[in-house]
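Visitor: Sequence:
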Amino acid sequence: CKTPAGSRMLRKWLKQPLLSVHDINHRLDLVGLFVNGFELRAQIRDEVLPGMATDLDRLGRKLRSAKGSLQDVYALYQFIRQLPRLLQALSTAVEADDFGKDGGALLQHTFVEPLDRAHSNFGQYLNLVEAAVDLDAVSRHEYLIKPDFSDELKELYEEREAVFEKIEAHHAKLASELRLDSAKVKLEQTPMHGYVLRVSRKDEKALRDVRGLTTLQTKKDGVLFRDEKLGRLGTQYKDMTVRYEKAQTALVAKVLETASTFTSVVHEVQEVVATPD
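Every letter in the sequence shown is one number past the one before it in full-length UniProt numbering, and letter 229, counting from 1, is 229.
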């Protein structure tokens with residue numbers, strides 16, 4: 001299985017076998033469609049489901065119990081954006097008449113129609129996330145409310161971005177001093193050290209030629225390091241982020257409250273996606 005929901009459903013099917021002849025035949029018909037439909041099966045398994053590996057059961061519980069976060073809200077957003085790919089794959093197979101009249105009707109009724117309804121019901125959720133969440137910040141693995149919602153957030157956002165611009169400028173400066181292409185000197189944010197630079201182990205020798213650099217960690221994928229200035233800027237950026245997160249608390253609560261109203265749709269779509277998996 002490619003998704004947590006699919007794995008759970010398979011375990012349930014094995015532990016709780018069907019007793020109704022009608023239900024058994026219905027499941028056998030579905031299995032037969034995917035056994036014979038090699039192209040559809042391969043497309044869903046290899047191209048679609050790997051992008052839908054979000055644990056919807058855990059996510060739904062967190063949102064329902066008000067223990068979720070903006071990261072959870074965004075994770076569901078990512079999942080929803082993948083639904084059209086699954087819907088298109090199934091719809092194309094139905095429209096192409098790959099499985100005959102009865103097989104096409106079974107796919108349409110079991111998957112296409114409920115997926116189409118779910119995607120439509122999630123429309124307001126997509127609008128909520130795109131209106132409230134700073135999607136640009138997600139690229140830095142930061143989950144924040146857009147600054148437009150208050151003057152305080154705007155001021156903090158501008159100050160934080162100013163610090164980040166200094167971090168980027170210093171990154172370029174150190175790459176130049178190391179005489180390495182900037183693409184080979186990666187700027188990364190770690191939970192332990194904040195902003196650091198990383199070079200491959202092959203390029204580690206270049207660090208010895210520049211004074212003031214401190215090696216923080218040597219890993220399989222490279223060497224983490226920084227100098228005093230980058231450490232100072234990283235601390236400033238972290239402090240600004242903490243202030244921003246505190247200022248957005250009430251707004252995050254409102255987003256989570258609204259997101260929790262979609263948990264019933266999450267449960268429905270989880271069942272539909274888990275079945276072909």
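It should be emphasised that the hints constitute simulated quantities derived from the structure, not laboratory data. The structure presented is a predicted model; accordingly, all values stated were derived computationally and were not measured. Here a beta-carbon is modelled for each residue, glycine too, at the ideal position from N, C-alpha and C. It cannot be assumed that every hint is accurate.
Label-pair ranges, simulated between beta-carbon atoms [stated by the list, open to error]:
#	residue 1	residue 2	range
1	GLU152	GLN124	41 to 49 Å
2	ALA169	ASN127	31 to 39 Å
3	LYS238	TRP13	44 to 52 Å
4	ASP136	ASP102	17 to 25 Å
5	GLU245	LEU10	33 to 41 Å
6	GLU204	LEU126	55 to 63 Å
7	GLY32	GLN189	46 to 54 Å
8	GLN88	LYS154	18 to 26 Å
9	ASP148	LEU126	28 to 36 Å
10	SER150	PRO84	32 to 40 Å
11	LYS15	ASP98	14 to 22 Å
Visitor: Would you mind marking each hint as holding or not holding in the structure?
Guide: Cross-check of the supplied hints:
1. GLU152 / GLN124: 41 to 49 Å: violated (27 Å)
2. ALA169 / ASN127: 31 to 39 Å: holds (36 Å)
3. LYS238 / TRP13: 44 to 52 Å: Hint holds: Cβ distance 47 Å, inside 44 to 52 Å.
4. ASP136 / ASP102: 17 to 25 Å: Between ASP136 and ASP102, where Cβ atoms are some 48 Å apart, the hint is violated.
5. GLU245 / LEU10: 33 to 41 Å: holds (39 Å)
6. GLU204 / LEU126: 55 to 63 Å: violated (44 Å)
7. GLY32 / GLN189: 46 to 54 Å: 49 Å Cβ-Cβ, so the 46 to 54 Å window holds.
8. GLN88 / LYS154: 18 to 26 Å: Violated, at about 40 Å.
9. ASP148 / LEU126: 28 to 36 Å: violated (18 Å)
10. SER150 / PRO84: 32 to 40 Å: Since SER150 and PRO84 have Cβ atoms about 34 Å apart, the given range 32 to 40 Å holds.
11. LYS15 / ASP98: 14 to 22 Å: violated (33 Å)
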